[in-house]
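Just so you know, the sequences run in chain order Y and R.
Position one of the first sequence corresponds to residue 1 (the numbering used here), numbered consecutively onward.
Position one of the second sequence corresponds to residue 616 (the numbering used here), numbered consecutively onward.
Be aware that one or more of the hints could be misleading.
Between beta-carbon pairs, the in silico distance windows are [stated by the list, open to error]:
(1) Y:E266 - R:G761: 49 to 55 Å
(2) R:G753 - Y:S586: 56 to 62 Å
(3) R:I686 - Y:F32: 34 to 40 Å
(4) R:T775 - Y:K332: 50 to 56 Å
(5) R:L797 - Y:F55: 19 to 25 Å
(6) R:L677 - Y:I421: 33 to 39 Å
These are computed hints drawn from the structure, not numbers from a lab.
No residue lacks a Cβ here, since even glycine has one placed at the ideal position from N, Cα and C.
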Amino acid sequence: MAAVATTQHDHAHVATHDAAHAHDHAHHSVSFIRKYIFSTDHKTIAKQFLSTSMFFLLVGGAFALFIRWQLAYPGEPIPLVGKWLPDTLVSNGAVQPGFYTQLVTMHATIMIFFVIIPMATGAFANFCIPLMIGTDDMAMPTVNMVSFWLVPIAGLTIMSGFFVEGGTAAAGWTNYPPLSASGTGHTLWVIGVFLVGFSSILGGMNYLATTLNKRAKGMRMFDMPLTVWALFITSILQVLGTPVLASAVSLLFVDQVFHAGIFIPENLLTSTGGLFPNGANVGAGGGGQPVLFQHLFWFYSHPAVYIMILPIMGVVSDILATFARKAIFGYKAMVFALMAIAFLGFVVWGHHMFLSGMSPLLGTTFMLSTIVIAVPSSIKIFNWLGTIWKGNIHFATPNLNALGFISTFVCGGLSGIFMAIGPIDVYIHDTYFIVAHIHYVLFGGALFGIFAGVYYWYPKMFGKMYNETLGKFHFFLTFITFNLCFFPMHMIGVGGHMRRIHDPYVYEFLKPFQPINQFITIFAILMGFSQLILIFNLLWSLKFGRTAPRNPWRANSLEWAAPAHPGHGNFDRDITVYRGPYEFASPQSKRDYLPQWIRPAHVDAEQEATVVGKH
Amino acid sequence: MSSALSLAHEPVTGIRHGKLGMWIFLASEVMFFSGFFTAFIILRNTNLPVFAHGASELNWPLAALNTVNLIVSSLTMAMAILSLEHGNKSRFQLYMGITFLCACGFLVIKYIEYTAKFSHGIYPGTSSFFGMYFTMTGFHAIHVIGGMIPIGWMLAKSFTKRGYQDWERVEILGLYWHFVDLVWIFLFPVLYLIF
Chain Y
1 MAAVATTQHD HAHVATHDAA HAHDHAHHSV SFIRKYIFST DHKTIAKQFL STSMFFLLVG
61 GAFALFIRWQ LAYPGEPIPL VGKWLPDTLV SNGAVQPGFY TQLVTMHATI MIFFVIIPMA
121 TGAFANFCIP LMIGTDDMAM PTVNMVSFWL VPIAGLTIMS GFFVEGGTAA AGWTNYPPLS
181 ASGTGHTLWV IGVFLVGFSS ILGGMNYLAT TLNKRAKGMR MFDMPLTVWA LFITSILQVL
241 GTPVLASAVS LLFVDQVFHA GIFIPENLLT STGGLFPNGA NVGAGGGGQP VLFQHLFWFY
301 SHPAVYIMIL PIMGVVSDIL ATFARKAIFG YKAMVFALMA IAFLGFVVWG HHMFLSGMSP
361 LLGTTFMLST IVIAVPSSIK IFNWLGTIWK GNIHFATPNL NALGFISTFV CGGLSGIFMA
421 IGPIDVYIHD TYFIVAHIHY VLFGGALFGI FAGVYYWYPK MFGKMYNETL GKFHFFLTFI
481 TFNLCFFPMH MIGVGGHMRR IHDPYVYEFL KPFQPINQFI TIFAILMGFS QLILIFNLLW
541 SLKFGRTAPR NPWRANSLEW AAPAHPGHGN FDRDITVYRG PYEFASPQSK RDYLPQWIRP
601 AHVDAEQEAT VVGKH
Chain R
616 MSSALSLAHE PVTGIRHGKL GMWIFLASEV MFFSGFFTAF IILRNTNLPV FAHGASELNW
676 PLAALNTVNL IVSSLTMAMA ILSLEHGNKS RFQLYMGITF LCACGFLVIK YIEYTAKFSH
736 GIYPGTSSFF GMYFTMTGFH AIHVIGGMIP IGWMLAKSFT KRGYQDWERV EILGLYWHFV
796 DLVWIFLFPV LYLIF
């Protein structure tokens, strides 16, 4: 794609009268703190979300490597860092069982609540929605700022669990009681999740109000790019799902602090006898329902799966259409499929609980509704394939990542069908098969889509082009190591390898899997360190990257009408929308694309002047 | 905004941003309290004697008084919005003041109820019923306090020289306040009246 960008003419000036007013309000003085720290500008907030999530990605990734090391070489000291960790976590540098469960819990908690959700919604929604609907900022900029600052506070709260007695949360990211109903670490986890959930609600509220209220003149709902549609529908999930998690963890908090017996079953006995200070009195005033927590938790956390994947589906749709130089195949079908997935996402939570002891009849209904999700998902997959079919495909880094998303997401989707079927799930539940599945959809799916989006919008975010060679190198390295790391997990999962186990080789039948685990670990380490290429590329290009043109990908949506590195207020010209976002190869234009903001009577002149123009 | 740019046009839906945001936030709040009500229903059905006994220990006349209290405050809130819309500053101050006092009264009565429970040795850990009772009424009380802060701020502002004219903002606050009232109207029968 770099070649595409360089073939464009560098028209240095914008011909329209708007040029005189360009950046008019970008110049009013704002203090450093208001501009970079407590900023209300949606682009700055998006960058804050992005950098915070990148930091947490490295932390969560490091935890994953500790886990992998223990599974491949149990009892051996962790290389490099093992000797620096305190004795409460490691013995002779090797991961202790308690630390292992903390690692498993925190890896998932961080990756879900502090990496994928803030990236998919926080970073992309903040950056894309106002720019793609042609407006200056969010509907409620101050609320937006609060929504970001809750994330680092929540992150620190959860991470501080490592420094309290008994360690941080260790009951898995699902934090089921009664295991999670005691200990300071679990209480901190509950507080952190409550805060990050509040951030999510405030964000979703803002994205909805902005999309409904601030669209540019002439832009109907069905003129919006699929990224905006996907983020809009995701926001509905955030607003309606997250509060239920908040009430679930609030009740868990009451159980943790007061031992009320809401989720703790009556007369619970534990092997240590010391789980609850008042022992037999726990729940004496009424038996709690541990399964109730699971229902409330998954009522949010299944839609959360879609909060993590729907925005990515939108991003990928836009990227594929742009790089295939073709209109998205079945635009409205794509929108309705998003809606269908979102709706079905609310009625399938029970498929996480086939083994919880709930009625098998109820399980059957959850099984059926889950399998139905394959229909709208397939509509999306086939429409993506229809989009690139016979397209003029450019294999630039964003597109490579988008194609990587589709291929891995299909794999993850297919293994999902296994799990949706109750009788099969009974066998593969809580095995590495499920670990493989979740990573195929969340790493292979969501994270490749996030990479695609970061590369795609990097020129608009920072006004510089990233390094294409490094970008491609990063993609291929990640894609290959990813598959070699996660694909074998399906096999050891079917072989019965448990999902969370400190030392699998205490079981005779798992001993043959140690070489496979070592194979996985080698590629996990390679994959982890490949991400440093991404970080290096993003940081290096900030300073040394080529200055980006206004519309490097020759795309149609409104963000490319803004200056290469838009200031506060975003646009330097009036924005009126005349057509949908996917007018590629339109007969009205000499070029192979026709942006949304070009006036019909002036197509060639304006496109020449304002689209390719550099500033 | 520069004159050449007309990006900040009227809201597309015709509803002010803050008001639209508030409606969305209230939808979220409905789900938040729904979580509690769901848990309450499930736990009540599996622990009927505990819940019946717990409910019988609550002071329903005081809670009924509080219900009246909140309904009155909802009415005065609506009248405060109307007064400000018509530019009647003193009426606005009067009605907003009554709303604020009702909210204070609600919290005082809640305080009396809570301390009475504590003095009888009843805490959230006493039974699953009281766990639910203190969580639900506690979160509701936090919402009342959350409403009192902007009510007090707008009231105080209207006494300053510049006054307070933004009746639409009061209307948005009113939406929230009616919601808080509505939650109590569900809490009252569910917690106090079902034995």
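Checked hints:
no.	hint	result
1	Y:E266 - R:G761: 49 to 55 Å	violated, 35 Å
2	R:G753 - Y:S586: 56 to 62 Å	holds, 60 Å
3	R:I686 - Y:F32: 34 to 40 Å	violated, 50 Å
4	R:T775 - Y:K332: 50 to 56 Å	holds, 53 Å
5	R:L797 - Y:F55: 19 to 25 Å	violated, 42 Å
6	R:L677 - Y:I421: 33 to 39 Å	violated, 54 Å
In summary, the numbered hints that this structure violates are 1, 3, 5 and 6.
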